[in-house]
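**Student:** One-letter residues, chain by chain:
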Amino acid sequence: MTFFLQLVVTGLAQGMVYALIAIGFVIILKCSEVFNIAQGHFVLIGGYLGYTFLVPFGLPIWVALGMAIVTAIIMGLLIERLILRPLLGEPVLAVIMATIALATILGGLATLLWGGEYKPYHGLLPSISLKIGAVSLPSESLIGLIVSVICVALLMLLFRYTKIGLAMRATAEDLQVVQSLGIRATTVYAVSWIIACVVGVIGGILVGGVSGAHIELANIGIKAFAVVLLGGVNSIGGAIVAGIILGMLENVAAGYLDPLLPGGGLAQIFPFIVMIIVLIFRPYGLFGLVRIERI
Amino acid sequence: MGLHSGTFHENYAQDMAIFPTKLHWGFLLAFLILLFTCPLFFSDRILTIMTMMGIAVISVHGLNILTGFCDQISIGHAGFMAVGGYTSAVLCAKLGLPFWAALPCGALAAGIAGLFFGLPSLKIKGFYLIMATIAAHFIIIWTIIQLRGITGGTDGLAVPSPAIGGLSLSSKTNYFYLVMIIACFATLLAKNIVRTRAGRAFIAIRDNDLAAEVMGISLWSYKLQAFFIGCVYAGVAGALLIHYFSFASTDQFPFFDSVWYLGMLIVGGMGSTTGAIFGAVALRLLDEVVTMAGPVLSAAVAPQAAASLALISHGLIIIIFLIFEPRGLYHRWEIIKAYFRLWPYSHEVAE
Numbered sequence: 001m002t003f004f005l006q007l008v009v010t011g012l013a014q015g016m017v018y019a020l021i022a023i024g025f026v027i028i029l030k031c032s033e034v035f036n037i038a039q040g041h042f043v044l045i046g047g048y049l050g051y052t053f054l055v056p057f058g059l060p061i062w063v064a065l066g067m068a069i070v071t072a073i074i075m076g077l078l079i080e081r082l083i084l085r086p087l088l089g090e091p092v093l094a095v096i097m098a099t100i101a102l103a104t105i106l107g108g109l110a111t112l113l114w115g116g117e118y119k120p121y122h123g124l125l126p127s128i129s130l131k132i133g134a135v136s137l138p139s140e141s142l143i144g145l146i147v148s149v150i151c152v153a154l155l156m157l158l159f160r161y162t163k164i165g166l167a168m169r170a171t172a173e174d175l176q177v178v179q180s181l182g183i184r185a186t187t188v189y190a191v192s193w194i195i196a197c198v199v200g201v202i203g204g205i206l207v208g209g210v211s212g213a214h215i216e217l218a219n220i221g222i223k224a225f226a227v228v229l230l231g232g233v234n235s236i237g238g239a240i241v242a243g244i245i246l247g248m249l250e251n252v253a254a255g256y257l258d259p260l261l262p263g264g265g266l267a268q269i270f271p272f273i274v275m276i277i278v279l280i281f282r283p284y285g286l287f288g289l290v291r292i293e294r295i
Numbered sequence: 001m002g003l004h005s006g007t008f009h010e011n012y013a014q015d016m017a018i019f020p021t022k023l024h025w026g027f028l029l030a031f032l033i034l035l036f037t038c039p040l041f042f043s044d045r046i047l048t049i050m051t052m053m054g055i056a057v058i059s060v061h062g063l064n065i066l067t068g069f070c071d072q073i074s075i076g077h078a079g080f081m082a083v084g085g086y087t088s089a090v091l092c093a094k095l096g097l098p099f100w101a102a103l104p105c106g107a108l109a110a111g112i113a114g115l116f117f118g119l120p121s122l123k124i125k126g127f128y129l130i131m132a133t134i135a136a137h138f139i140i141i142w143t144i145i146q147l148r149g150i151t152g153g154t155d156g157l158a159v160p161s162p163a164i165g166g167l168s169l170s171s172k173t174n175y176f177y178l179v180m181i182i183a184c185f186a187t188l189l190a191k192n193i194v195r196t197r198a199g200r201a202f203i204a205i206r207d208n209d210l211a212a213e214v215m216g217i218s219l220w221s222y223k224l225q226a227f228f229i230g231c232v233y234a235g236v237a238g239a240l241l242i243h244y245f246s247f248a249s250t251d252q253f254p255f256f257d258s259v260w261y262l263g264m265l266i267v268g269g270m271g272s273t274t275g276a277i278f279g280a281v282a283l284r285l286l287d288e289v290v291t292m293a294g295p296v297l298s299a300a301v302a303p304q305a306a307a308s309l310a311l312i313s314h315g316l317i318i319i320i321f322l323i324f325e326p327r328g329l330y331h332r333w334e335i336i337k338a339y340f341r342l343w344p345y346s347h348e349v350a351e
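Protein sequences appear in the order of chains A and B.
Each residue of the first sequence is one higher than the last, beginning at 1 in the working numbering.
Each residue of the second sequence is one higher than the last, beginning at 1 in the working numbering.
In case anyone wonders, no lab produced these hints; they're calculated from the structure.
Glycine is no exception: its CB is placed at the ideal position from the N, C-alpha and C atoms.
Don't take each hint at face value.
No farther apart than 30 Å at their CA atoms in a straight line, the calculated lysine-lysine pairs in the DSBU-like style are these [as the list claims (entries may be wrong)]: (1) B/K172 / B/K191; (2) B/K191 / B/K125; (3) B/K191 / B/K94; (4) A/K30 / B/K94; (5) A/K30 / B/K125; (6) B/K123 / B/K191.
What follows is a list of derived Cβ distance ranges for each label pair [what the hints assert, rightly or not]: (7) A/D174 / B/L342: 45 to 51 Å; (8) B/H331 / A/V290: 34 to 40 Å; (9) B/T143 / A/S211: 24 to 30 Å; (10) A/I74 / B/L297: 25 to 31 Å; (11) A/G182 / B/G126: 42 to 48 Å; (12) A/V63 / B/F256: 22 to 28 Å; (13) A/V290 / B/I181: 48 to 54 Å; (14) B/T143 / A/G66: 44 to 50 Å.
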C-alpha cells in the first residue's frame with residue numbers, strides 16, 4: 001500500500017509539471033489554431049538555460065529564473081514573428097511541419113550551445129521535504145508541484161482579469177468578432193507564443209532540477225501531447241486533470257509492470273499507448289469540444 | 001517532334017498520355033540510359049548515395065500517395081519501413097527464405113501494419129492523425145526491440161547477403177541496378193495509381209472528405225487503401241535498406257527519418273509524383289553536403305557543430321520551403337519548363 005501511495009504521490013507531482021507544459025500547448029492551440037510540436041523543445045531549452053544560469057553563471061535561483069523567463073520571452077517573440085507569422089492561413093500540415101522544423105532547429109541549437117551533453121544541477125533548487133505517514137515526497141518533486149500550481153494560478157488570473165487575457169480568450173472564441181472590435185490578432189498570437197515559451201522553460205528548469213539537463217528532455221513534450229489529447233486539445237482545465245492522471249498512471253504502471261517485462265522501459269512507450277487508445281475511443285478527449293463539421 | 005506551345009490533344013489517348021510527345025519520350029529514354037550507365041562512370045561511394053536516393057524515392061512515393069494525394073498525414077513512415085525491413089530480414093535470416101520471396105512479404109507486412117494504424121484515420125484527421133502516426137512509429141520500434149528472440153532487439157540482426165537465383169546482389173553495382181529498377185517501376189506504378197478510380201477518390205478525399213463521402217466515395221475503404229498502398233511502398237523501401245547493409249537495426253529507422261520523408265515531400269511538392277523524386281534527391285544531396293561539411297565545421301568551430309549543423313540545416317530548409325515555395329521544387333520545374341516551351345512568347349494557348 002505504501003508503495004502504491006508513494007507512486008501516486010510522485011506521479012501527482014510529476015503530472016503537475018506535465019500539465020504546466022501541456023498548458024503552453026493548449027494556449028497556442030486555442031488562440032491561433034497552431035499545433036505546436038516544438039513544445040517539448042522549449043522544455044529542453046529551459047533545462048539547459050537553468051543549467052547555464054545556475055552553474056557557469058552561478059546566479060541565485062530567483063535571478064536565474066528571471067533571466068530564463070526573459071530569454072523565453074525573446075525566444076517566443078522571435079519564433080512567432082519569423083516562423084509563424086508568414087504562415088498565417090496556411091494549411092494545417094504546413095504549420096505543423098513548420099513547428100516540427102522549429103523543434104529540429106531548437107534541438108540543433110541545444111546541441112551546438114551545450115554539446116547535447118548531460119548537465120546536472122542537483123540540489124540547486126531550494127529544498128523542502130514533506131513526509132505524510134510513510135509516504136515521502138522528494139524535495140524536487142515538491143518544488144515542481146508548488147511552482148506548477150503557482151504558474152497555473154497566475155495564468156488563470158491573467159485570463160480572467162487582464163485585458164490581454166480577455167483578448168486571448170475572445171480570440172479563441174471567434175477571430176472575426178475580435179478583429180472587428182479592434183483587437184490585434186497578431187499581438188494575441190505573439191503573447192500566446194511567449195506564454196508557451198515561458199511555461200515550457202519553467203517546466204524545463206523544474207524537470208532539469210530533478211534529472212539534469214540533457215537532450216532527452218525534449219521527449220517530455222511527447223508526454224505533454226498525450227496529456228493534451230487525453231484532456232481535450234482546447235481545454236486548459238482538461239490539461240491539468242489529464243496531466244495529473246497521466247503522471248500517476250505512468251508511475252503506477254512503471255512501478256508494477258516494469259519488473260514483469262524483460263526489456264522494461266514501459267514508461268517510455270506509455271504515453272503513446274494512452275494516445276492511441278484516446279484517439280480511437282474518444283478523439284476529442286475528456287473535456288474537449290466535439291467539432292461538428294459542415295461542408 | 002517538336003516543342004508544343006499549347007495543348008492540342010485531339011483524342012482521349014493523347015490526353016491521357018503521361019509522355020505526350022516524342023520529345024518527352026526522347027528525354028525519358030536519355031534519362032534512363034544515363035541512369036543505368038551510372039555504374040560505368042561513378043565510384044562505389046557515389047553509387048551508394050544514389051542507391052540511398054532510390055530507396056528514399058520509393059519511400060516518398062508511398063508517403064506521397066498517402067499524404068500528398070489522400071491528405072492522411074503520416075509521421076510514422078520510418079516505422080512502417082521498419083516493419084517491412086524487419087519482416088523481410090527475419091524471413092531471410094531465420095527461415096532461410098530467398099531474397100526475392102522475402103521482399104514482397106515484408107511489403108505486405110508493412111501494408112498490414114499500415115491498415116492497423118490507419119484505423120484511427122476513419123475518425124480523426126489533421127493533428128490527431130499526426131499524433132496517432134507518431135505514436136505508431138514509437139510503438140512499432142518498441143515492439144521490435146521487445147521481440148528480442150526474433151529480431152535481435154537492440155543488438156540488431158545479421159541478414160544473409162541478398163541474391164536472386166545465382167546472381168549475387170552484394171556488390172554495390174548489382175544492388176544499384178536492383179534499387180533503380182524497383183524505383184522506376186515504383187514511380188510508374190505511383191503515377192498510374194493516382195490516375196485510377198482509387199487515385200481520383202484519394203484526391204476527392206484530400207480536397208474535401210465530407211463532400212467526397214456525400215458523392216458516394218467510401219471513406220472507410222479508400223482511406224485504408226491509401227494507408228495500405230503507402231505502407232507497402234514503405235515496406236519495400238525498408239526491406240531494400242536493410243538488405244543493402246545485410247544488417248537490421250532499429251537505428252536505421254530513427255524517428256527523425258519519419259519527419260524527413262515528409263520534408264522531402266514538402267520540398268519536392270505535395271501531390272506530384274515527379275515532385276516526390278525531386279524532393280528525395282534534393283534532400284539526400286543536402287544530407288551528403290552536410291555530411292561532408294560536418295567534419296570541416298567540427299574542426300573549425302566545436303566538436304558538436306557537425307551534429308547541430310545537420311539538425312539546424314534540416315529544420316531551416318523545411319521552413320524556408322514552407323514560407324517561400326510551399327508548392328515545392330516541382331512548381332519551379334513547371335515554371336522553368338513553361339519558360340522554355342513558350343519562348344519567345346510568354347503566354348500559353350490553352351491549358
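**Student:** Does the structure break any of the earlier hints, and which numbers would those be?
**Tutor:** The structure breaks hints 3, 4, 11, 12; every other hint is satisfied.
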